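Asks: For the sequence shown, the positions run 0 to 296 when numbering that gives the first Met the number 0 is used.
If you're looking for bench data, these hints aren't it; they were derived computationally from the structure.
Don't take each hint at face value.
What follows is a list of derived Cβ distance ranges for each label pair [stated by the list, open to error]:
hint, residue 1, residue 2, range
1, A104, T205, 16 to 26 Å
2, V243, E196, 16 to 26 Å
3, P194, V243, 22 to 32 Å
4, A118, R229, 15 to 25 Å
5, F100, P170, 25 to 35 Å
6, V112, A172, 30 to 40 Å
7, I115, L237, 37 to 47 Å
8, A166, V247, 37 to 47 Å
9, E196, L89, 15 to 25 Å
10, H121, L89, 36 to 46 Å
11, W178, S198, 33 to 43 Å
Since we're looking at a predicted model, the values are computed, not measured.
Using N, Cα and C, we set each Cβ at its ideal position, and we do this for glycine too.
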Amino acid sequence: MADMELESGSAQSKSTSTPQERRGSVVMVRVRHDLLNPLPRLAAGCPGRLEWPLPHNKTHPLLFIQGAPPELWRLREAFSESRAAFRKCLPFVIAMSISEFSRIALAIAGYAVAYIYSAQGHDEDAARLLQLGLSVALSGTCALEGICFYETAARQKGYDRGFDFSAGRNPYATQSTLWFASSCIVGVVAFFAYPRESSAQIVLATLQLLFFLMSALNHVYETVSHGNWRWQNVNRPLLSVAMVAGAVSQQESKALFWLQRHMSLVPRPHSATTGPTPLSLWTLSPEVPILLKASEA
0 MADMELESGS AQSKSTSTPQ ERRGSVVMVR VRHDLLNPLP RLAAGCPGRL EWPLPHNKTH
60 PLLFIQGAPP ELWRLREAFS ESRAAFRKCL PFVIAMSISE FSRIALAIAG YAVAYIYSAQ
120 GHDEDAARLL QLGLSVALSG TCALEGICFY ETAARQKGYD RGFDFSAGRN PYATQSTLWF
180 ASSCIVGVVA FFAYPRESSA QIVLATLQLL FFLMSALNHV YETVSHGNWR WQNVNRPLLS
240 VAMVAGAVSQ QESKALFWLQ RHMSLVPRPH SATTGPTPLS LWTLSPEVPI LLKASEA
């Protein structure tokens with residue numbers, strides 16, 4: 000019977016004591032119950048199954064032990080080192096979760112407020128608020144992630160392959176972070192500088208939606224081609240399509256509201272010489288002077 004099993008995609012088992020090496024952010028190790036006694040504190044709460052994230056930027060030997068005390072000691076050292084790395088990375092993981100939730104919540108709030116203002120006829124304010132919500136929710140949070148915890152964000156999305164973070168920041172990822180920051184700043188400035196210019200707000204909102212729609216295609220490619228079924232790669236396409244559909248729906252609602260307000264049917268006034276106009280003869284409001292075809296009397 001194998002003493003330990005390594006799970007990373009497909010399970011593997013070894014019965015030899017030869018150290019094996021594998022790179023990765025998280026691995027799962029199963030240990031025989033009789034081998035857990037020397038590690039009561041480390042195994043507390045997870046009998047027979049120990050899980051810990053590997054420290055970043057290092058290759059660790061995964062020891063398949065057969066009861067030898069030196070190997071048990073090395074296993075305990077590996078657990079201690081990995082637990083320390085987990086405690087170090089935990090604040091960044093929590094911050095990423097908060098950023099992810101804030102991104103979705105701010106986008107929903109921006110759409111909700113924009114719909115309310117649009118339904119009341121305040122089209123300029125609706126466009127401004129939607130643009131601000133998208134700029135802060137999408138570009139703002141992405142810029143914050145890229146500046147403060149870029150490594151954690153890359154590893155959670157599975158974008159860390161082929162790059163050694165111990166060498167420093169990825170210059171190409173830094174360029175994307177600067178674009179997000181610039182886009183957010185321009186959106187906030189336009190919100191205050193052009194309060195009555197709905198065209199400028201619509202252009203900026205369209206830019207945000209177009210970029211994230213194309214980014215969703217990249218997430219789909221990562222999921223299908225590389226089997227990268229991370230939560231971010233799965234939800235990005237769905238959320239991007241929902242945002243585009245919400246923006247298109249808002250524009251359609253605005254068009255229908257304009258038709259209802261400016262093109263409502265009213266009876267055309269008649270003159271005393273020609274007599275009353277038949278009820279079938281109608282015209283649109285004076286703002287859109289189109290005469291409908293009269294039916295036969």
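Asks: Determine for every hint whether it applies to the structure shown.
Replies: Comparing the hints with the structure gives:
no., hint, result
1, A104 - T205: 16 to 26 Å, "holds, 22 Å"
2, V243 - E196: 16 to 26 Å, "holds, 23 Å"
3, P194 - V243: 22 to 32 Å, "holds, 25 Å"
4, A118 - R229: 15 to 25 Å, "violated, 37 Å"
5, F100 - P170: 25 to 35 Å, "holds, 29 Å"
6, V112 - A172: 30 to 40 Å, "holds, 32 Å"
7, I115 - L237: 37 to 47 Å, "violated, 24 Å"
8, A166 - V247: 37 to 47 Å, "holds, 44 Å"
9, E196 - L89: 15 to 25 Å, "violated, 45 Å"
10, H121 - L89: 36 to 46 Å, "holds, 45 Å"
11, W178 - S198: 33 to 43 Å, "violated, 23 Å"
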